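Please assemble the complex out of the two chains, which come individually in their own frames, going by the hints.
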Amino acid sequence: MSIILDKVNYSYSVGTAYEVNALKDINLKIEDNEFIGIIGHTGSGKSTLTQHLNGLVKATSGHIYVDGEDIYDNDYDMRKLRNKVGLVFQYPEHQLFETTVFEDVCFGPKNQGLDKKKAQLKAFEALYNVGFPEKLFYSSPFELSGGQKRRVAIAGVLAMQPKVLILDEPTAGLDPAGRDEIFELLAKMRKELNITIILVSHSMEDVANYVDRIIVMNKGQVMYDDAPREVFKHYKELEKMGLAAPQVTYLMHELKEKGLQVDETATTVDEAKQSILRALGR
Amino acid sequence: MGIIKAINLVHEYIKRDEDNNVSDIVRALDDVNIEVEAGQFIAILGHNGSGKSTFAKHLNALLAPTEGTLVVDGKNVKDEKNIMDIRKNAGMVFQNPDNQIIASVVEEDVGFGPENIGVPTEEIWERVDNSLKAVGMTEYRKHSPNKLSGGQKQRVAIAGVVAMEPKCIIFDEPTAMLDPNGRKEVIKTAHKLNKEKNVTILLITHYMEEVVDADYVYVMEKGKVVMEGTPRAIFSQVDALKEHRLDVPQVTLLADELRKSGLDIPKGILRREELVKALEKNMAR
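If you read the protein sequences in the order shown, they are chains A and B. Going by the working numbering, the first residue of the first sequence is number 47, and it counts up by one from there. Going by the working numbering, the first residue of the second sequence is number -3, and it counts up by one from there.
Treat the hints as calculated values from the structure; they're not laboratory data. Keep in mind the model is a prediction, meaning the values are calculated, not measured. Don't take every hint at face value.
With a straight-line cut-off of 27 Å between C-alpha atoms, the simulated DSS-like cross-links for lysine-lysine are [said to hold, decoys possible]: (1) K104(A) <-> K143(B); (2) K304(A) <-> K279(A); (3) K302(A) <-> K277(B); (4) K53(A) <-> K70(A); (5) K195(A) <-> K53(B); (6) K286(A) <-> K129(B); (7) K164(A) <-> K130(A); (8) K129(B) <-> K163(B); (9) K181(A) <-> K218(B); (10) K279(A) <-> K273(B); (11) K218(B) <-> K238(B); (12) K138(B) <-> K265(A); (13) K218(B) <-> K195(A); (14) K70(A) <-> K143(B); (15) K11(B) <-> K220(B); (16) K238(B) <-> K234(A); (17) K180(B) <-> K279(A); (18) K184(B) <-> K265(A); (19) K53(B) <-> K218(B); (20) K302(A) <-> K180(B); (21) K282(A) <-> K70(A); (22) K188(B) <-> K282(A); (23) K181(A) <-> K11(B); (24) K263(B) <-> K304(A); (25) K143(B) <-> K265(A); (26) K195(A) <-> K238(B); (27) K286(A) <-> K188(B); (28) K184(B) <-> K286(A); (29) K143(B) <-> K286(A); (30) K181(A) <-> K163(A); (31) K180(B) <-> K282(A); (32) K256(B) <-> K304(A); (33) K53(B) <-> K77(B); (34) K302(A) <-> K256(B); (35) K11(B) <-> K195(A); (36) K1(B) <-> K74(B); (37) K286(A) <-> K138(B); (38) K273(B) <-> K282(A).
Bound-form chain B, shown alone (with noise of 0.2 Å):
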């Protein structure tokens, strides 16, 4: 069984008005099914307003699901005591670092989540230090947060969250606000937890390039699943993908250009690598 099991999840977003009558409701999930295996990484796609955030947050029972039945680590969301487990084993990195920074001293910032759920001093520093070294922190941990780059504040965010230990970690658009650097350390990093530390990732993102090594992808859009696969097999599909305001990588799109002007190029190409393999081949011709 599945670390996450989503089974015909819907959540609805009501509205009232002054008199406390219900003036709107919006149906942000509409049946979702989603099943995550533990050791995954997990990318979901869709434009704002998809549906991808209340997703998210229905995996640490930040929000909980108005018809359906959601299942993290075989827990039921739905039950009031399972919270504080279900909170423990699926950690969130959301997308602005500098709200999730608390302390003035990286280390410290680190080791606040362990101590708030009652770690013992000692085993609190031990994770302190595996979740800098998984970050690759280690030499900033007597810093000032303040002083970093938007992506190293990003991945001591990541160590707060690695320090809990939890066996899923949820990114919600963790590089948005991130410069090309910064968003290639954090990428790193989440790939480097789910290998080393068989984390399973939930990556949910606007940029393309990102979910091109990931193990599977859903696409969502009004609140459903539209589209799921692997990465190839979703972006061999340029023009659905631009239906749900979604975009390809760069050279993904360039393939897809020059198979339409006839060179001989497959489907579904993803890095360079490929596409430079491909056009010798058409040079050899």
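Pulled out of the complex, with its shape left as it was, chain A reads as follows (with noise of 0.2 Å):
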């Protein structure tokens, strides 16, 4: 499923003093089975963007296609865009709200007016797609851990069958192993499930290992969108734009500084370690 943003812009308070746009001239071309990191500081317009996605917001000029299908026509149902598009939310556990884990993935599908058996069907495929040990079924999700809470609200909007899976922040406040869990997830859901995921993140290190695109969002624009390793050579700009490379990045810059013919474009641990030991001669 590919979603085509032609020329999307985004203004808050219009007509008044306090007037901001918050999205300029987005143009992108989203394929299917993608996985893409957005990044950007907080107020660049990534967190907008997203919710342009499934139609929460909705952009003050330009077009959105979804499968081909403009999201702004007046006869365009938007119940089947958001059946396609799952947004979670930052945090996302906040909103687990049912007794039980089972109940609250129930919640989605049974929306979308599922009956009562399929709608159970679907959240224990969620469920177990989210790796959840079934033994926890039934008990309260307030009686999980962190990272657990969070799985359960991931499968209460993978129960919809989203052909795209948007995520913001999706390990905020996890601990390494937690966030490193989550990670594994999104990748092997977006493999086996042969869906697109898209997520925000601030952890420079967690998109450079796991994600094939970076779209880099500053001031309501892109500024770059392409794989982690080209769009981290810009680590000079992106710092001016409160962002970051990842640490070994600036380490092979260094290196290549004094003279190791390292390759300054590596972004992950394994890809510098391979480098430097290549340059080393071992």
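Here you go:
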């Protein structure tokens, strides 16, 4: 399923002194089965952008085509879009509310109009797909650890079988192992369920490790849109935008300055290791 | 004697069913012994649910110990009449800046705390000036907190705590919701308060890079302190940290991997400069 954004603009408080252009002339094409990271400082327009993708916020001007259909056409059914594009908010576990994990995950598919049996089946599949232990299906979501709660919240959106899953800072507040687990889970879901994953993140190291494509937002505009190693080549410009490159990218640049012939575009520990060993003739 | 002294500290969360019978007891702190000297910068690591925040909440008497003793600035937290003093001397900064800011103008927000404890008006403004300066937010004093970035909001929240002139500030995952720049700003501010105002800092975090410059690190797991030492000593133990669901800074990990591949690199590398130096030696050979 492809999503095309064509000259999308979005302004807040139009016509007042507080008018802000939150998005400026965004042109993007998102293909099937991509794994995309969106980075940008607080207020750069990341979240506004993701909210356009499932129609929560409507562009002031421009068009968004999902599967070739303009979602702003008068006869376009927004419900169809929301079934295709699932959005997981920041700290999604704050939205858990049912008495059991299983009930909570059933809520979405039930709301889509599925009968009880089918909704339960979808909930079961979703919990299975996020690797949630079966013995905890009927416990209260409030008794779980932070990482597990987040899995349940993701399952709640997954149960609605979206083709595109958007997550706003899915690892905020989790411990390092929890962060890795969520990223591994997303990578696995993308492969096995054949869905597109788009995530907003502040962790450059995690983004470099997992995604194939990075979109850098700054002041409502797309500044870079490329593979991680290409994007992090611009680490100096990224810093000016309040961002950074992964620690190893800086290290590689410093080593190159000292005369070691390493690949300064390395963005992960593994790439850096291979490159350093090669440069030292090991 | 240290400013914070926890001796065999135990905290149990007790859950009761509808009939008020005890249905479950969770031991969130299990025999914790931690001593912090005045002026130190201490970091506490541990995975979600390891007991870090429970410990932090004891330090300004938001929670009371089930067993054991906790003395903050010479005052036992168990004694009810000490509570107000302890809260004045141990300030807390939490994860979400939006939950900690209440006024519509930055300077009023910072002045809220001292006003609440009856500081004379003139002194309130003096404290507000000093606090905003300490966190580098003076030029935003007349702004609305709404329009600030995450890092700036968090610095306003810190200024609000600084205005209470505590001897000790506990940061409970202050950077979890911030972008890279915001993270840097907040950690820098914490170090600045530590160095310039001699405030004792306890930093709880999940970002290993933020711990590198601490004086001493405690690692918690299942309510117990399972590792303690200098950052270098702690981060030399890559495998042990992973077992505790933690990590090491990316540079430390890379240094460890390179050493395992046969390069001559010392253990416990924390900073980029150190690794560059170690690799230069390998080049010369």
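Against the structure, the hints come out as follows:
no., hint, verdict
1, K104(A) <-> K143(B), "holds (22 Å)"
2, K304(A) <-> K279(A), "holds (18 Å)"
3, K302(A) <-> K277(B), "holds (15 Å)"
4, K53(A) <-> K70(A), "holds (8 Å)"
5, K195(A) <-> K53(B), "holds (22 Å)"
6, K286(A) <-> K129(B), "holds (24 Å)"
7, K164(A) <-> K130(A), "holds (18 Å)"
8, K129(B) <-> K163(B), "holds (18 Å)"
9, K181(A) <-> K218(B), "holds (21 Å)"
10, K279(A) <-> K273(B), "holds (23 Å)"
11, K218(B) <-> K238(B), "holds (15 Å)"
12, K138(B) <-> K265(A), "holds (24 Å)"
13, K218(B) <-> K195(A), "holds (19 Å)"
14, K70(A) <-> K143(B), "holds (20 Å)"
15, K11(B) <-> K220(B), "holds (21 Å)"
16, K238(B) <-> K234(A), "holds (22 Å)"
17, K180(B) <-> K279(A), "holds (21 Å)"
18, K184(B) <-> K265(A), "holds (25 Å)"
19, K53(B) <-> K218(B), "holds (16 Å)"
20, K302(A) <-> K180(B), "holds (25 Å)"
21, K282(A) <-> K70(A), "holds (23 Å)"
22, K188(B) <-> K282(A), "holds (25 Å)"
23, K181(A) <-> K11(B), "holds (21 Å)"
24, K263(B) <-> K304(A), "holds (22 Å)"
25, K143(B) <-> K265(A), "holds (14 Å)"
26, K195(A) <-> K238(B), "holds (22 Å)"
27, K286(A) <-> K188(B), "holds (23 Å)"
28, K184(B) <-> K286(A), "holds (18 Å)"
29, K143(B) <-> K286(A), "holds (20 Å)"
30, K181(A) <-> K163(A), "holds (20 Å)"
31, K180(B) <-> K282(A), "holds (16 Å)"
32, K256(B) <-> K304(A), "holds (23 Å)"
33, K53(B) <-> K77(B), "holds (18 Å)"
34, K302(A) <-> K256(B), "holds (22 Å)"
35, K11(B) <-> K195(A), "holds (19 Å)"
36, K1(B) <-> K74(B), "holds (13 Å)"
37, K286(A) <-> K138(B), "holds (26 Å)"
38, K273(B) <-> K282(A), "holds (23 Å)"
Hint compliance for this structure: no hint is broken.
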